[in-house]
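**Q** Read off the chains here:
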Amino acid sequence: MLRRALGLLPRPIAAARARSFSTDLPAAHTADATFMEAWNKVMPNMDPPKTPLSFMHPRPPTPSSIPPKLTVNFVLPYDSELSTKEVDMVIVPATTGQMGVLPGHVATIAELKPGVLSVHEGSETTKYFVSSGFVFIHANSFADIIAVEAVPLDQIDANLVQKGLADFTQKLSSATTELEKAEAQIGIDVHSALNSALTG
Amino acid sequence: MAMAALRREGRRLAPLISPRTITAVRSSPLYPTLEDEGPLGVRHISTQVVRNRMKSVKNIQKITKAMKMVAASKLRAIQTKTENSRGLWQPFTALLGDLPSMSMNKPLICADVKKNVVVTISSDKGLCGGINSTSVKISKGLHKLNSGPEKETKYVILGEKAKAQLVRDSKKDIELIITELQKNPLNYTQVSVLADEILKNVEYDALRIVFNKFQSVVSFVPTVSTVLSTEIVEREAESGGKLVDLDSYEVEGGETKGEILQNLAEFQFSCTMFNAVLENACSEQGARMSAMDSSSRNAGDMLDRLTLTYNRTRQASITTELIEIISGASALEG
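Protein chains in written order, with our numbering: chain A, 1 to 200; chain B, 1 to 334.
Just so you know, these hints were derived from the structure itself, not from any lab. Among the clues, some could well be false.
To be verified - Residues from chain B that face chain A, not an exhaustive set, calculated with beta carbons under 7 Å:
#1 Glu83
#2 Asn84
#3 Ser225
To be verified - Below, a list of computed lysine-lysine pairs in the DSS-like style, where the Cα atoms sit at most 27 Å apart:
#4 B:Lys125 / A:Lys50
#5 B:Lys55 / A:Lys50
#6 A:Lys85 / A:Lys69
#7 A:Lys181 / B:Lys125
#8 A:Lys69 / A:Lys127
#9 B:Lys62 / A:Lys50
#10 B:Lys81 / B:Lys151
#11 B:Lys257 / A:Lys50
#12 B:Lys114 / B:Lys74
#13 B:Lys81 / A:Lys41
#14 A:Lys41 / B:Lys144
#15 B:Lys183 / B:Lys81
#16 B:Lys151 / B:Lys125
#17 A:Lys85 / B:Lys144
What the hints assert, rightly or not - Selected chain A positions facing chain B (Cβ under 10 Å, derived; list incomplete):
#18 Thr34
#19 Met46
#20 Arg59
#21 Ser80
#22 Ile91
#23 Val151
#24 Pro152
#25 Leu179
#26 Ala184
From the three backbone atoms N, C-alpha and C, an ideal C-beta is built for every residue, glycine too.
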């Protein structure tokens with residue numbers, strides 16, 4: 001709650017700092033000039049390679065007032081689930097607990113644990129189950145969520161979850177080595193998170 | 001009737017011109033007379049050689065066409081995958097910036113980035129245009145750029161082709177070679193295992209991933225992604241370099257900030273690698289497709305030229321024979 005309250009303040013902290021964030025890249029600044037120069041000195045016959053920055057859309061600078069919507073990028077290795085989508089709020093399962101993100105949230109880096117990610121847009125709520133990943137919340141009300149795996153909650157089979165949970169519980173009790181124990185523990189964590197996501 | 005008579009005449013005359021080929025002519029009436037005659041048969045150009053050549057060119061064309069088809073179908077599958085994976089690295093670049101010039105822009109920091117690792121991504125198979133030599137050249141450039149006193153740059157090589165090119169002149173700098181990446185279709189798990197392998201075996205301050213970014217079937221952009229180690233990122237953020245803004249981020253969870261940043265750097269590497277490997281595989285298929293397309297077109301052109309030569313020589317030899325026969329006959333009559 002307090003975390004959100006900080007964002008709702010008229011932002012004296014952010015205003016005092018004239019420095020820009022690494023996310024607010026001016027459009028012209030797409031290539032690293034130092035790198036280009038050094039490259040041309042060493043390899044004059046070859047064009048310098050491109051860098052990822054030149055393929056990215058520049059992110060807008062931090063606005064002086066808090067924007068009404070939060071811009072969310074939600075990416076998976078095999079898909080971009082949400083791409084610069086404007087929503088009202090997202091709730092992410094951080095390792096420290098569920099974390100609600102509203103526009104104007106303080107800049108944060110957080111790790112994700114298995115749990116439910118919900119995206120609130122108007123009256124609609126989309127719920128995903130994410131396995132793990134990271135979330136970056138930038139000062140310009142951008143939130144980047146990177147997950148290794150995510151599925152919409154309605155695609156999960158409750159029976160299989162119960163079965164998996166039972167399987168891993170049995171595995172944990174019969175585990176002999178540390179590695180087996182750790183693996184079983186991870187299985188139990190994921191399945192119980194799934195279970196609570198489905199029931200709760 | 002006339003042809004048969006001419007042939008008989010021809011046979012009668014043949015020994016006069018080349019006594020050695022007489023058996024060959026009898027045994028294979030299909031072939032025109034007097035083949036491969038060397039100095040004696042200078043008047044008759046061999047059509048056998050041309051015919052063999054045509055056959056081989058035709059086979060080559062068949063092969064290249066098939067390879068093009070295979071590359072095209074593989075490309076389609078991998079292209080969607082690649083395009084879907086493009087969102088993956090963008091949050092990291094937005095957060096941690098993009099610092100290819102790290103280690104050379106500031107003399108103060110310079111000493112810190114001692115261990116550079118160039119991860120060269122290439123294909124296992126050839127016949128795909130210049131994509132492998134481009135990434136090797138870029139890697140060599142980066143090696144040159146980042147080498148100096150108290151600094152070392154090592155290579156990590158993915159793929160057979162870059163290995164073959166780099167082993168020749170910088171064998172001592174190669175830390176790790178991984179091949180046969182594309183035996184199975186690429187997926188994130190596989191690549192993260194690979195990234196883990198690299199991180200475990202190689203000490204680094206900065207990892208530079210060199211790959212060809214896919215733009216279209218005919219254009220690829222050699223690209224370098226930089227992943228910095230946690231210590232460098234932290235030091236840079238504290239010392240007020242380009243990453244100064246990272247300090248303003250609140251880091252949630254974990255025992256220490258460093259722990260989270262460590263996880264973050266490793267995750268960044270695996271995500272960047274995943275995209276890089278896919279982009280390179282996609283470029284490879286695209287390059288192979290266009291290379292095979294142009295080589296089947298070349299084979300077609302060559303075939304046309306050879307057919308022309310073949311027909312012309314055949315016609316020429318028939319005409320010569322006719323002239324010989326006719327002039328011989330008229331000499332006898334006269």
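**Q** Hint numbers the structure violates, sorted upward?
**A** The structure conflicts with hints 1, 5, 7, 9, 10, 11, 12, 13, 16, 17, 22, 23, 24, 25 and 26, although it agrees with all the remaining ones.
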